[in-house]
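Start from chain Z and add chain D according to the hints.
Note that the protein sequences, when read in sequence, are chains Z and D. Residue numbers for the first sequence follow the working numbering, beginning at 1 and rising by one. Residue numbers for the second sequence follow the working numbering, beginning at 1001 and rising by one.
Do not rely on the hints blindly, as some may be mistaken.
To be verified - Keeping only pairs whose Cα atoms sit at most 35 Å apart, straight-line, the calculated DSBU-like set for lysine-lysine is:
(1) D:K1079 with Z:K151
(2) Z:K151 with D:K1017
(3) Z:K21 with Z:K159
Just so you know, the hints here were simulated from the structure itself, not pulled from any lab data. Please read all numbers here as calculations on a predicted model, not as lab measurements.
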Amino acid sequence: MANKSTKPAKAAPADGGKTPKKYVSPKISIETVEADASRADLIFDGLDHSGASYEARVFLNNEKATADTETTPERGYAGSFHIFGHGGCYGDDITHCQIRGPRRPYDPRPGHPLTPARKVLIATDALKQARATGGDVTVTIVPVVYDPSPKADYSDILKLESISVASYG
Amino acid sequence: MENNPAELEALRVAYGKMQALNDNRGWIYWAGYHGFPQFLCWHHGRVGRGSQMPYNLFLPWHRAYLLYWEHTARDQDSKMVLPWWDWTSRGSHTIGIPKSFAVKTVGGKRNPLVSGPRPTMPGVPAGQTTRAPGPPADLPTAAEVSALILLRNFLDLDTQLEDVHDNVHGWCGGDMGAVARAAFDPIFWSHHCMIDRIWYLWQLKNGIDNIPDDYKDKVLFPWDMKVRDVLDINRLGYEYAHGSSTLVIKT
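Isolated chain Z, as found in the complex (with noise of 0.2 Å):
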């Protein structure tokens, strides 16, 4: 069963600086997140790769999170995803790195190299800690960047589309 937040990702303020800027969601339900689920996954589509390498920290119930908060369950901490980057475009013009529109019937060839990403992060221990205290939870994700590109601007790397919550008996 898997609840979808649909609203476009929307990024809460930067933080200053050339630090990333974070993602805040609105009020997810984790209501299907049964106490005894054999797992449960926070699942994250649409996310832009086209930039720098970076680590997506996740976490629950904890809007101030920076990349200075620690990794903790106590700080709503659910886990990480990961996202190898393109590095920034590297065609003779933006088209190249433009992805193209509907497939055309009969094309053979393997699909654009950007075509957003899906990660799914295993949560089942901080989902249930949720559950245990409400039907629903805010996820912040804090985007971590390592070693900027130098083709990529990483003020606004966290694009996404939707989070969904999954849980299994």
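Here is chain D on its own, set in the frame of chain Z:
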């Protein structure tokens, strides 16, 4: 590999010769299939032939790529064997990048494992690859790999293993941190060899043929192989044994 001087030297010789070649036997030609200029690697899933839904050939595509790469390198030194970089090891969690890939010179000559040539790209002049590794303790752990092996579904493994893979690329930094440039770094190949090894260890536990049926006939462009052709590494002529011995019997 670190404790086998002969294998290490064969790797250096093969990579050194490839890096000196500018034709279709050379480093830039073969590394160029992954990112710049050909961008044929599979990462993060795409909508591809025969499907309107994204799917991901990350593991089988890179297995085929490693196979072609190793044969190309062995053309330069027949004793060359592609080593895996076990970034879960105590050594890696102490010093990070293995010494054999980190020392700048060997015997007074440039170490071809420390960096590789990359071509001129739009906005980036030609040069040698560089790294900016993170703290060694931040590399993935053996416990994380053990958890991957326990997964039962191939697509689940693919998603989770690719994330660990992504983590190590970002940890290495520099050219390794960008899809477009990563394959020009010599450690790229040993990182992917480790990823391939983990897939193999998973296959040993969950079945060599454990992959959705609709994946098996997907083409691993530009390699002359389909997914079904790369499932069994024994049929590809390599293995991931820590060691082996042979008793030669002449009767």
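Here is what the structure says about each hint:
Simply put, D:K1079 and Z:K151 have alpha-carbon atoms about 39 Å apart, too far for the 35 Å limit, and the pair is violated. A C-alpha spacing of about 30 Å is found between Z:K151 and D:K1017, which places the hinted pair at or below 35 Å, so the restraint holds. About 10 Å separates the Cα atoms of Z:K21 and Z:K159, which keeps this hinted pair within 35 Å; it holds.
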